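Student: Reconstruct the complex from the two isolated chains, following the hints.
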Amino acid sequence: MIRALHRWPGLVALILVTVLALSGAALSVFPAAERLAAPQPVAGQSVADLAARVAASHPGLEEIRRSPSGTITAWWFDGGKPGSAVIDPATGVTVGSADPNPVERWLTNLHRSLFLGDAGRLVMAAEAAAMLVLALSGAALVARRTGGWRRWFARLRGPLAGRLHVELARVAVLGLALSAATALWMTASTFDLLPDGAVRPADPAAVSGQMAFPLDRMAALRDVPVDGLRKLGFPYAGDAQDVFTLSTDAGTGLIDQGTGDLVSWSALTPWQQVSETIYMLHTGQGAAVLGLILGLIALSVPVMGVTGALIWVAGRRGRPRLRDNAPAGRADTVILVGSEGGSTWGFAATLARALKDAGQAVHIGPMSAFDPARHPRADRILILAATYGEGDAPASAKGFLDRLAQMTAAPAASLAVLGFGDRSFPAFCAYAAQIEAAARAKGWTPLLPMDTVDRQSPQDFARWGRALGQALGLTLDLNHQPDRPAADSLTLLSRRDYGEAVQAPTAILRFALPKASFWARLTGRGFARFQAGDLLGILPQGSAVPRFYSLASGSRDGFVEIVVKKHPGGLCSGQLLALDPGDRVQAFVRRNPGFHAGRGRAPLILIGAGTGIGPLAGIIRANARRRPVHLVFGLRDPDSDFLYRDDLTAWTAQGRLARLSTAVSRAARPRYVQDALRAEAAQVAEAIRGGAKVMVCGGRDMAQGVASALEDILAPMGLTPAMLKAGGRYVEDVY
Amino acid sequence: MKSLLATLALTTALTLPGLASARPVTLTTTLNSYGGDGAYLALYVTDASGAYVGSLWMAGGKSKYYEHLSDWYAATRGDLAQINGITGASVGAGRTLEITLDLADALFDAGYTLHIDAAVEDMRDSPNEIAVPLTAAGAGTPVPGRRYIASFTYK
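Protein sequence lines, in the order shown, are assigned to chains A and B.
Read in order, the letters of the first sequence are residues 1095 to 1829 in my numbering.
Read in order, the letters of the second sequence are residues -16 to 138 in my numbering.
Rather than coming from a laboratory, the hints here were simulated on the basis of the structure.
Remember, it's a predicted structure, so these values are computed and weren't measured experimentally.
Any given hint might turn out to be false.
As the list claims (entries may be wrong) - Dumping the calculated BS3-like pairs for lysine-lysine here, alpha-carbon to alpha-carbon at most 30 Å:
| # | chain 1 | residue 1 | chain 2 | residue 2 |
| --- | --- | --- | --- | --- |
| 1 | B | 45 | A | 1450 |
| 2 | B | 47 | A | 1325 |
| 3 | A | 1325 | B | 45 |
For reference, chain B alone in the conformation it holds in the complex (with noise of 0.2 Å):
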């Protein structure tokens, strides 16, 4: 289990100026027993347009693999400022990553997506695992994903 606390007001372009316009949210993300070594992930959120808009959380400590994470590798070209003091350690099959952090209101029932990239060694990459609209009514409500994620949720 991991509980994180992430201020994102000065990483990322998720978080509007003033701490009144957001809220905490907890994103829950629960892994397959897929068999294979830690997974890396990368946490982000697109428009309506489906532009990338920023990210909330990348894990996986080694840049050189970040290119496995491939649509968030596109969307940012790599650039390791997205992710910068939002990084944390790869996930093992089955253990669950657990982040709390402090998301814009005016993010939520406007069209934007959450993505989850994940890749794991020697295993076969699995770009967009999870893509869930950002809505209140669906906070709460667990995602599966593709291949290694098992669900999903935030609240």
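So that you can see chain A by itself, here it is in the shape it has in the complex (with noise of 0.2 Å):
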């Protein structure tokens, strides 16, 4: 809801709005130009002072202004002729022309009524509004993203476009708000809408009928300060019955030009009073700092819309295009759907295709949309979901375990669960498990039983389908292929052979980094931006289902690298093995945000064994900043796959790698991992306690090994693995 109310209003209002922000951010220069452009101001001067001294140089003199940034002006009428000039408070003479500057005039107008008149002032106010609504519903977003308002100046991760537009968000949003509102406010007061009009002071009963009582010993003049003084208007010349109207920044008063005694007074409103404290913060006229902060924020303005619409761009491209997706509150079925990659996303849209064919209305949303009420007619709900990591809620249903928490009771709706995920992995489909228990627990009546499809296998999902079918007595008949993720071709540079010796072949592949557009790079999609530990998935040839290989390098280093052991009868390593430089591969990179080193000073405890250096070995390389790295690496055979020694060698020279540790599984004495470990158990727990984050990366059983001896190392300081992972200091990437 709040992502609608945000998203609408910037679409539309995004040509206006920049408008709006453009000119206003060129017309806040003016007050601080004016300001110092101004004459010196006189400490302590009076208005009596000022005017005798006005008067003294222009015969005829009609009025003196002073503007909210000090400038004080004079208008007069001599020997028939109206003039007018910017003047010295300190000699009264004249410096420079009053005129108004043709420029500021253009900009006021075309920022306020786009030359429009009344209905340029409506339409302007209008964008306001969206401004406003942007600016509020932008502030919960941020929040949301961040994980609170007190973390609304959290560190960002994402696409370029989403940082930048948040992060400009969250400065600028205060000011815009600001702008807005006081624009609004402005536009209120222009339409008559608020009581804040001027009030005269009543006419006398009777003046003196005298003229020419010198200026400067005015009493009602001598007391007023020229920094307040708004307008000092002057009798007609000749006419006895006339007065002096004198505006402060307190009222309106009228003066006896034969006595110089106050003969009527009426104070600003506190309507008055709020109006021009509003017009100040809204022009900068009297507040010329304010206002070019406020001109600035409002050069963020197109960034941040250029911005929002790319993010917005990249979010539709994420989904399928669902053709006719029913309205939430008219649907019988309707599919939710958790995905990390987008995977899932085409499984639901073959599921709701089939499903729409055998005559259903479908609905088909993202699982963090969970909302029964949203969905009176539904009979079925069926829920897709992938797992993220250790069986964590992938992003697309961020939330939904909680929400089901807290509902009082299950939805009438009955419920299929259907797992994504790879049965080589310890977690699989430990998601769709946790939501079909939390189901259970809660009485959601089962439509079918979970089921599971493992790697994207169309076999299990039609077998599913055809269950389902049964369920609901139609023939559901789901034939889903999986769509090839659009790839790069990547033309190897270089391979580094090890392992040979040790049956154990292994090669370090460095591929050229492709060109990414221009586009890639703002939106941070594809290769323009990766690190190491994120995923580089190969295609192989003859197999649309991609194998994943964790990335030894990251985009700043200006290739891409991985590590890569043949596996007896693998199809995707026997092809990677086979390559020679110069030939090529389909490939695409996934992020994997859950393995990356992250920014801090805190120490790293890398372990990892075999080809599980690779990503390692990619943070090291990254590790410019020096920051303390521990690296524990488990090989079979220094003499055969000691992977990247020369590079380690040199990283420890240049202080990227702090200690290296090694254990070698063929020797007399075979040692792993997990025994380097515990042998450095009182460095390790020494670390841990400066707030060291330990990355895993390698087969299970060496994770499993790792893990253990960590519970050891951990157990005297009262710390668990599990309470590390928690809080996101103890990190696997296991295959």
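Tutor: The following block contains the structure:
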């Protein structure tokens, strides 16, 4: 809801709000320029003194005004000709022209009415309202993204456009909300919707009828400092009945020209005072620095408009376009999708199409938007959920379990859960299993028992479809061919071979970094932005299913590097290890933010065996800030499969690697990484006490060995691996 | 160019009962190119003693700015009933406002004076831009204003 409230006004108002912001930013310069150009004020000068000096050098003086920036202007009518000029308050003489700046006029009219009079004013007011809605809904979105209002300035991840949008927004939102709210107030005032009109002082019953009382001795003017002056109107020449009209920051008064006494007074109403303050806040007239700040902030609006549109486009691309998605309120079947990389959306779309062909009204949406109240007519809810990491919610399912837990009763519609995952991982479909368990605990009526789809298997999916069809009394034929992800062609630059002698042929493959389009750089997609620990998906010839390898380089290194071991009979590893420099493979990047080193200065304990050193080596290579890194590396034989041996020596010399421990498994006394870890328990414990982050990459057996060794090392400190994991200080990339 | 016909029989005190004693008068106000936004103009009549008699036209739609037409505002205390039905848009720099209305014959050669107050945003107020006695002989003679009005003619 908040997102829709943010997205639509944003897209619709993009152009006009940009005009509004840019013209506003340009206008913000004028009060500051005027302030700088204004002649120096005279400290403690009274209006009486000023008026006397100006009148002495300007016969026929009619009016003196002081602008909020301090510029004094005089108007006179002499010898049948009107004149006006900027005045030096010290001498009362003319120092410059008082004609309004035509550029400022032009900009002002563009800014407030697009040169379209009242209709334009209303359009621009609507834009200001849109900006206010954007600022408020945007603030709520920032708080949601960073994890709460207190974490307003928390560090951001993700593609450049999204980060830029939020980085700017969290600085600018207050200023933009202020500009927009004050604009609406000023529009209301312009259209007489506020009781902030001027109150004219009552006419005096009688005036002295005298004239030519010396200005510098007028009591009513001597008491008023020039700082508080707005305007002093002179009586008509020769009209003894006329009076001086004095406007100050406190109100307006009439002064008898024959006595110099105040004969009538009306103070500013509270409404007027509020309106004047708001005018000052909006225009910077009288608050030039604030005006400049608001102007600078306004410059962020076009940038946020463009990046916001990019975010919207990127978000739409992530999901398959579904034709005729039934409205949430009218659907009898609701499909909720929990997807990390987007492939589950493809399955959901196939399912929706088949159900629609069978005559169902189907609504498809992300699990994060789960709200049974939106689907009053739904008979069944089908959840298609992938799993992120070790049983965590995937991106489009964030918050689902919390929302389910908060519900007092299970939804009336029945439920079927289908998990998507990879059986080679221990947490296979763990998130889907959590949903199933939570639903059972709530007493949610099952339509089908939970089922799973292994590695995007079309067969598994079709089988589940038949079971679903049976439960519904329909014939459902689910024929889903996963889309091949958009891949780039990578050219092999070089390969370094290891492990032949220990029957574990392994190679470090370095590919040229493909050229990223400007669009990709801006949105941080594809090969434009990745780091060690992200995944490289390789599409082997003869298979539509990608195989993933941990990246041993980042985009800043200027190349794409992975470490591959040949698996007996392995399709993809066989093809990769057969590559010669110049050969090409089809590949794409998938982000893996859970296995990034992060930015802090805390020590890193990197633990890996075999090809698991790949991402760890990439992290060390990128450690230009010399964060203390301790690498624990498990290998078979130092003479055969000591991957990155020379690099590690060089990185140690450069300070990128502080400490290297190796565990050799094919030796007289075989040692594994967990043994090395235990041998250095004291140093490891010390580092963890100092806030170290532990990153483990390699086979599952190794990871389990490391976990139990860490458990022993942590126990004396009253810590467990699970506690470190919860704090993001213990992460694994296990295969 | 604006050409308006306003019948003031119901709206102001300037007409006597019966149109037989009134005649159509065209008031033409041409503004200078003073380089600002549209001007607010108040056209009104005072009697021989300088007392306000009634308004003929108000060019400018937002009543909150009427205080800048300071003589008119002082005379009427900003009473909007005075200009009910005889209000039009403000007049741009260099443009001409032309109004045709029926004025009572008795207003001519009887000491009445036609005034125009003018005001422009962010520029100085100019009350009493024009003060021209209403006489049969003066009809058709252009009168220059003080600041914003290049010429004013009635006939």
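Student: Need the list of violated hint numbers for this structure, in ascending order.
Tutor: 1
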